[in-house]
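Asker: Please construct the entire structure, taking both the sequences and the accompanying hints into account.
Which chain is which? The protein sequence lines are A and B, in order. Going by the numbering used here, the letters in the first sequence line up with residues 231 to 642, in that order. Going by the numbering used here, the letters in the second sequence line up with residues 43 to 190, in that order.
Below, a list of computed lysine-lysine pairs in the BS3-like style, where the Cα atoms sit at most 25 Å apart:
| id | chain 1 | residue 1 | chain 2 | residue 2 |
| --- | --- | --- | --- | --- |
| 1 | B | 45 | B | 180 |
| 2 | B | 167 | A | 279 |
| 3 | A | 429 | A | 396 |
| 4 | A | 279 | A | 337 |
| 5 | A | 272 | B | 167 |
| 6 | A | 429 | A | 640 |
Think of the hints as simulated: they come from the structure by calculation, not from any bench.
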Amino acid sequence: MTPPVRIAQISCGPEYSGVQHEIDAAVKEVNGEIFYPDIALKDIMRDFKAYGLDVRSPDLKLAISRARALVEGRVEADAVFIATCFRCAEAAIVRNELRRYIHENSKLPVVSYSFTERTTSGTLLTRMEALTTIARRRALLARETQQGLTLGLDSGSATTKAIVMKDNEIIGTGWQPTIEVIKSAQDVISHALEEAGIKREEIQAVGTTGYGRFLVGKQIGADLIQEELTVNSKGAVFLAQRQHGPATVIDIGGMDNKAISVMDGIPGTFTMGGICAGASGRFLELTAKRLGVEITELGPLAMKGLGNRVPMNSYCIVFGTQSLVNALATGSTREDVAAAACHSVAEQVFEQQLQEVDIKEPVLMVGGTSLIEGLVYAMGELLQTQIMVPPYSQYIGAVGSALLASGFIKDD
Amino acid sequence: MAKIFIYPSTSLILSDMVARYGHTPLSSAVAIRERIQTAGFESAPLQITPEEPKKGLKWAAVEVPSGVRGRMALYGPMIEECEAAIIINHADLSFGCMGCARTNELITFLVRQKDVPRLDLTYPKNEDEGLKFVAAIKRFLTGLGGKQ
Chain A
231 MTPPVRIAQI SCGPEYSGVQ HEIDAAVKEV NGEIFYPDIA LKDIMRDFKA YGLDVRSPDL
291 KLAISRARAL VEGRVEADAV FIATCFRCAE AAIVRNELRR YIHENSKLPV VSYSFTERTT
351 SGTLLTRMEA LTTIARRRAL LARETQQGLT LGLDSGSATT KAIVMKDNEI IGTGWQPTIE
411 VIKSAQDVIS HALEEAGIKR EEIQAVGTTG YGRFLVGKQI GADLIQEELT VNSKGAVFLA
471 QRQHGPATVI DIGGMDNKAI SVMDGIPGTF TMGGICAGAS GRFLELTAKR LGVEITELGP
531 LAMKGLGNRV PMNSYCIVFG TQSLVNALAT GSTREDVAAA ACHSVAEQVF EQQLQEVDIK
591 EPVLMVGGTS LIEGLVYAMG ELLQTQIMVP PYSQYIGAVG SALLASGFIK DD
Chain B
43 MAKIFIYPST SLILSDMVAR YGHTPLSSAV AIRERIQTAG FESAPLQITP EEPKKGLKWA
103 AVEVPSGVRG RMALYGPMIE ECEAAIIINH ADLSFGCMGC ARTNELITFL VRQKDVPRLD
163 LTYPKNEDEG LKFVAAIKRF LTGLGGKQ
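Answerer: Structure below.
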């Protein structure tokens with residue numbers, strides 16, 4: 231049996247929040263093992279003073295000492311999980327600085343998270359799976375070319391996508407909204423195979439990712455079932471032809487958002503989540519519906535408007551929609567409202583998530599929302615950089631799956 | 043004999059002193075270890091569930107971090123129950139340590155708000171201060187009707 235991936239937990243508050251067993255459960259599910267770096271009491275003040283961040287909470291001093299022990303190699307780990315209470319300013323500063331410190335001074339993959347008492351193992355699962363994948367599958371993640379004939383499927387919360395690849399080229403695509411998870415998957419696979427002009431039995435390896443990856447992966451006999459953080463990173467740098475060096479991948483999804491700091495196609499730090507639906511693709515769908523346009527028309531409409539003419543920055547999809555309705559009722563143009571909605575989503579992702587990863591160019595926007603040019607423009611304005619949207623960006627997870635699945639083609 | 047809330051509540055030494063004078067210490071005393079191998083300094087002495095931060099809403103509002111509210115679910119009732127209190131400020135980690143500074147601020151504030159006999163001391167930095175420190179605690183405990 232594969233030995234468990236050892237994840238060092240650096241934290242403040244999970245036990246008294248009643249969520250430590252949720253963290254343990256998520257890690258156990260991906261064959262990982264949480265441990266608390268063993269630190270001598272006498273070393274804590276020395277490490278804390280040497281680090282120079284003068285926090286008051288003793289558990290945060292302990293966290294700093296543990297981070298230093300990991301970076302200096304006094305304690306060995308495969309990955310690091312940094313977690314502190316949501317809404318604690320002192321802890322947020324420490325969490326962010328330690329995440330950066332470990333990322334810059336070691337090769338350990340790091341994920342940081344702020345929890346509440348409502349945090350569940352399900353919420354943490356994809357993050358923990360990504361940590362263990364990076365630690366366990368470095369050789370697979372280093373794959374840069376797709377070989378043979380493979381199928382990749384991304385069973386997302388809003389849409390299901392399939393890609394057929396042959397010898398490093400995309401030859402078939404399939405896309406549809408996710409309704410019944412398995413039925414949607416079968417439909418997009420059929421479409422992709424038909425477009426590629428090949429039969430299912432000719433496919434040499436299959437990979438799945440996305441929320442429905444386990445269910446669909448089991449159903450279609452996938453060779454690779456992998457979370458979307460590592461898969462999307464791989465797909466993004468492959469399609470953008472930026473497989474070497476740093477990159478930042480932003481994926482604003484239907485249900486959650488991902489921001490990933492990548493080096494040579496492998497995630498170093500990442501965040502996943504979002505405070506509320508007001509910062510998701512779902513809000514843009516709602517906006518398009520209220521403005522009476524297809525989602526595909528929202529981007530061009532937004533490009534004709536000026537977002538700063540309409541106040542809109544709510545985390546909540548209900549209040550966001552209220553701002554939208556109010557703006558239209560007081561005479562704002564549809565173009566300005568569309569631009570404001572794009573700016574609002576981009577701004578919240580920028581404020582809530584992009585502060586937790588190191589933004590390094592090129593910045594790649596992927597996923598279905600990357601086709602909304604108003605959103606890409608708004609993000610570019612906020613980051614003061616030219617955002618790259620690779621071809622097939624809406625199929626990023628399926629492409630990453632097809633690429634990585636080729637590592638499972640049997641020689642015969 | 044009095045029910046005495048102690049701060050740091052994890053101090054085994056302080057808890058022991060209170061008990062020796064015949065009083066009931068209100069604390070969550072844990073042995074100070076030379077090596078910290080748990081998630082925090084004072085890992086929860088009992089099984090804390092996500093219900094505890096909700097119970098903690100009695101002492102801290104919902105915008106207060108869950109770790110503070112979870113701790114208050116444990117220490118809040120002790121503060122309410124106490125008939126006297128000993129607060130040691132700026133204690134050394136080895137004397138007794140509570141991991142969250144925000145909880146510590148709230149606990150000491152609530153104790154000081156309460157109309158009960160209270161001993162508020164600073165942790166000693168040398169032997170002389172140490173002798174005076176122990177003598178002050180003895181005097182306080184005896185004054186509360188404790189054993190001589």
